[in-house]
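Quick mapping for you: the protein sequence lines, in order, are chains A and B. Count the first sequence with my numbering and you get residues 30 to 278, in order. Count the second sequence with my numbering and you get residues 4 to 313, in order.
Some hints here could point you the wrong way.
[As the list claims (entries may be wrong)] What the simulated footprint calls covered on chain B by chain A, stretch by stretch (three residues with Cβ under 8 Å from a Cβ of chain A suffice, anywhere in the stretch; the number is not a length):
{"no.": "1", "stretch": "50-56"}
{"no.": "2", "stretch": "225-231"}
[Claimed, not checked] Counterexamples of contact, computed for chain A against chain B with all Cβ distances above 12 Å:
{"no.": "3", "residue": "SER179"}
{"no.": "4", "residue": "ASP189"}
{"no.": "5", "residue": "ALA245"}
[What the hints assert, rightly or not] Which stretches of chain B does chain A cover? Using the computed rule of at least three CB atoms under 8 Å from a CB of chain A, they are:
{"no.": "6", "stretch": "82-89"}
{"no.": "7", "stretch": "107-118"}
{"no.": "8", "stretch": "139-150"}
These aren't lab readings, by the way, just hints derived from the structure by calculation. Backbone N, C-alpha and C define an ideal beta-carbon position, used for all residues, glycine too.
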Amino acid sequence: MKVLVPVKRVVDYNVKVRVKSDGSGVETSNVRMSMNPFDEIAVEAAVRLKESGAVTEIVAVSAGNAGCQDTLRTALAMGADRGMLIETETELQPLAVAKLLKAVCDMEQPRVVLCGKQATDDDANQTGQMLAALLDWPQATCASQIVLSSDTATVVREIDGGLETVEIDLPGVVTADLRLNEPRYVTLPNLMKAKKKPIDVILAATLEVDIAPRLATLWVAEPPARPAGVKLNNVAELVAHLRNAGVIA
Amino acid sequence: MNVLLLAEHDNAALNEATANTLAAACLIGSHIDVLVVGNECRPVAEKAARLAGVSHVLLVEASHLADGLPENIAAQLVAMAAGYTHILAPATSTGKSVMPRVAAALDVAQISEIIAVESPDTFTRPIYAGNALLTVKSSDPVKVMTVRATAFPAVGEDGCAPIESVAAVADRGRSRVVSRDLTRSGRPELASADTIVSGGRGLASRENFHAVLEPLADRLGAALGATRAAVDAGFVANDLQIGQTGKIVAPQLYIAVGLSGAIQHLAGMKDSLIIVAINKDAEAPIFQVADFGLVGDLFELVPALTKALD
Chain A
30 MKVLVPVKRV VDYNVKVRVK SDGSGVETSN VRMSMNPFDE IAVEAAVRLK
80 ESGAVTEIVA VSAGNAGCQD TLRTALAMGA DRGMLIETET ELQPLAVAKL
130 LKAVCDMEQP RVVLCGKQAT DDDANQTGQM LAALLDWPQA TCASQIVLSS
180 DTATVVREID GGLETVEIDL PGVVTADLRL NEPRYVTLPN LMKAKKKPID
230 VILAATLEVD IAPRLATLWV AEPPARPAGV KLNNVAELVA HLRNAGVIA
Chain B
4 MNVLLLAEHD NAALNEATAN TLAAACLIGS HIDVLVVGNE CRPVAEKAAR
54 LAGVSHVLLV EASHLADGLP ENIAAQLVAM AAGYTHILAP ATSTGKSVMP
104 RVAAALDVAQ ISEIIAVESP DTFTRPIYAG NALLTVKSSD PVKVMTVRAT
154 AFPAVGEDGC APIESVAAVA DRGRSRVVSR DLTRSGRPEL ASADTIVSGG
204 RGLASRENFH AVLEPLADRL GAALGATRAA VDAGFVANDL QIGQTGKIVA
254 PQLYIAVGLS GAIQHLAGMK DSLIIVAINK DAEAPIFQVA DFGLVGDLFE
304 LVPALTKALD
């Protein structure tokens, strides 16, 4: 069974982002970039499914500029078999990414697309669902457990009220949540070996899909800061302050 | 402006986030239809009809719509989309599953978790775990959006909209709910609680988490919340997680106990009215957002606080 794993290059989640002074966006130059943590979990899930024999081939795909090669190398070092870069300098919004991935799915015919549930930069939580809609495939988002059979995926999903187990027919889209697994560390030998694995570069323009942004950024602002609070000496002071603020009886 | 709003419910009760989402809809336009999709869910439609500002409640009932499967719910919305300029849902598990499917099927963008309506085509939403606020203008003919409930005060209940039944789309048939393991609790729902007592890794064990925090939560009538670390460590179930990828809350009072305040956690609670932090580490980032802080041993301070409230 072939699995396609889309991976996104984002500002590393440990970086405290800064809004540009002109309000045009967030500072991304000279900032450490990494694979979106949820995509890392998706890659790990795919590799474990391959190790268990349920999956035979893992194709990692990324869309964006040449810098995404790094992200693909990380996926290959974790255990993906080959990479595909859909190269473009255009700002990609989730609908555009879903359309590019649909074109890749039409070519590659995977049985499962396994992606992160959201990216930590735009926090959109859309691409997997959009791809499923464009392909007219079923979906199981926010997975904390995945069991594959030849025709179905049984997925435990994290939902608002607790957990839900769904079974979807394949082909289908599954998106990874935090507790699906803990991704392995990439070791230097594996990173060296990954250099020998192939990465195909496809220019986005050759896929003939409309990737123009639908949403124009008007401005990006810092959230309002909370005024500095006070450290109190004891519980009695705290209770007095809370009563004064009217938040406890 | 014609707005179609997907109601959130479990076939028995209307989720409160629907009334918050309706408040956002009211800022967009005055014609607002609320869609109730489910099975044997007329009481939900009757409740929705009482919400202020609703023009019509559209009720779709079928057994294959009972479980809220995104394939079916999205197909229903797409079938009914003609004539609407905006399609909204609360940013709940269901809304987040369904709305991107709707948007892609209509070949338009989806705008996630809006926190402000600047105009009928311009909206603000948090990005980077709430460390930046993005304002976007949509050029699409129909705006498909999810709404962060805590950003909009719920509308009242002085309406009496007519309820119209609408035919169900066919079952897509390629997905099934096998089982649900939902947490039952006598406490208020986390997303709409006035007071939240939240714990992190500092509680050190499942037993401590409950033994230390529950008496305080009981005393305050509060919901319990947790950090990712506490959920990962098995102290509590996943549905208590607050943060960038968990629940977004904004209660009147948020008491953060034994949690450091990672940016991913702050993303889920920093809009709370009053934040109290109890932590032994005076340098913990949670103190930077807390209105009131107590530095010390939570195993002494929390029981003392509980006692002081008696």
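Results of checking the hints against the structure:
With a cut-off of 8 Å between beta carbons, the stretch 50-56 of chain B has 0 residues touching chain A; three or more are needed, and the interface restraint is violated. For the stretch 225-231 of chain B, the proposed coverage by chain A is not satisfied: 1 residues have a C-beta within less than 8 Å of a C-beta in that chain, short of the threshold of three. Under the 12 Å C-beta cut-off, the non-interface status given to A:SER179 relative to chain B holds; the minimum distance is some 15 Å. Residue-level check failed: A:ASP189 sits 4 Å from the nearest beta carbon of chain B, not beyond 12 Å.
Once the 12 Å rule is applied to beta carbons, A:ALA245 is inconsistent with being away from chain B; the minimum gap is 5 Å. Against chain A, the stretch 82-89 of chain B contributes 0 residues with a C-beta closer than 8 Å to a partner C-beta. That does not satisfy the three-residue criterion, and the hint is violated. Counting residues of the stretch 107-118 of chain B whose CB lies closer than 8 Å to any CB of chain A gives 9, which reaches the minimum of 3, so the coverage claim holds. Counting residues of the stretch 139-150 of chain B whose CB lies closer than 8 Å to any CB of chain A gives 5, which reaches the minimum of 3, so the coverage claim holds.
Consistency note: the structure conflicts with the earlier hints numbered 1, 2, 4, 5, 6.
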